[in-house]
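Student: Sequence:
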Amino acid sequence: MDELIGQQDIVIKSLGRFLSKIRGIAGATILGDGNVALILDVDTVVGERRVEAEAGGSPRLALAS
1 MDELIGQQDI VIKSLGRFLS KIRGIAGATI LGDGNVALIL DVDTVVGERR VEAEAGGSPR
61 LALAS
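Note that the numbering used here numbers the sequence shown so that position 6 is 6, with each residue one more than the last.
Simulated from the structure, these hints should not be mistaken for lab results.
Remember, it's a predicted structure, so these values are computed and weren't measured experimentally.
Just so you know, not all the hints are guaranteed correct.
[As the list claims (entries may be wrong)] With a Cα cut of at most 20 Å, we get these calculated DMTMM-like pairs of lysine to aspartate or glutamate:
#1 13 <-> 33
#2 13 <-> 43
#3 21 <-> 48
#4 21 <-> 54
#5 21 <-> 41
#6 13 <-> 48
[Claimed, not checked] Derived Cβ-Cβ restraints for the label pairs, each shown as a range:
#7 18 <-> 55: 23 to 31 Å
#8 45 <-> 11: 36 to 44 Å
#9 5 <-> 45: 16 to 24 Å
#10 33 <-> 56: 37 to 45 Å
#11 8 <-> 56: 35 to 43 Å
#12 7 <-> 55: 31 to 39 Å
#13 54 <-> 10: 15 to 23 Å
#14 2 <-> 47: 16 to 24 Å
Using N, Cα and C, we set each Cβ at its ideal position, and we do this for glycine too.
Can you make the complete structure from the sequences, with help from the hints?
Tutor: What follows is the structure, given as structure tokens:
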């Protein structure tokens, strides 16, 4: 079951020219507690995984914490 956990107003900033080439990351924001959160481009991430699955590859998504 889908559920809305919370809501926040945020400002998404671009990642600059060096990090803007990372596929699947749309930008970043600084949270109220000072932590940086990356904003995923869900369409790109899902689309790439779908292409891999259709090609017979194993889906993989590496996220660093």
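Student: Compare the structure with each hint and give your call.
Tutor: Evaluation of the provided hints:
1. Of the supplied pair hints, the one linking residue 13 and residue 33 holds, its CA atoms being roughly 17 Å apart against a limit of 20 Å.
2. With a CA separation close to 19 Å, the supplied pair residue 13 and residue 43 stays within the 20 Å bound.
3. For the suggested pair residue 21 and residue 48, the alpha carbons sit about 15 Å apart, so the restraint of at most 20 Å is met.
4. Among the hinted pairs, residue 21 with residue 54 is inconsistent with the structure: their alpha-carbon atoms are about 24 Å apart, more than 20 Å.
5. A distance of roughly 12 Å separates the Cα atoms of residue 21 and residue 41; the hinted pair therefore holds under the 20 Å criterion.
6. Only pairs whose Cα atoms come within 20 Å are accepted, and residue 13 paired with residue 48 is rejected, the gap being roughly 23 Å.
7. Remark: the range hint 23 to 31 Å for residue 18 to residue 55 is upheld by a beta-carbon distance near 29 Å.
8. Range check, residue 45 to residue 11: Cβ separation about 22 Å, and the 36 to 44 Å hint is violated.
9. A hinted range of 16 to 24 Å holds for the C-beta pair residue 5 and residue 45, which are about 20 Å apart.
10. Separated by about 43 Å at the C-beta atoms, residue 33 and residue 56 satisfy the suggested range of 37 to 45 Å.
11. Distance hint check for residue 8 and residue 56: the Cβ-Cβ separation is about 40 Å, which falls inside the suggested range of 35 to 43 Å.
12. Roughly 38 Å separates the CB atoms of residue 7 and residue 55, a value that falls within the hinted 31 to 39 Å.
13. In this structure the hint that residue 54 and residue 10 lie 15 to 23 Å apart at CB is violated, the actual value being about 34 Å.
14. Our hint of 16 to 24 Å for residue 2 and residue 47 holds, since their Cβ atoms are close to 21 Å apart.
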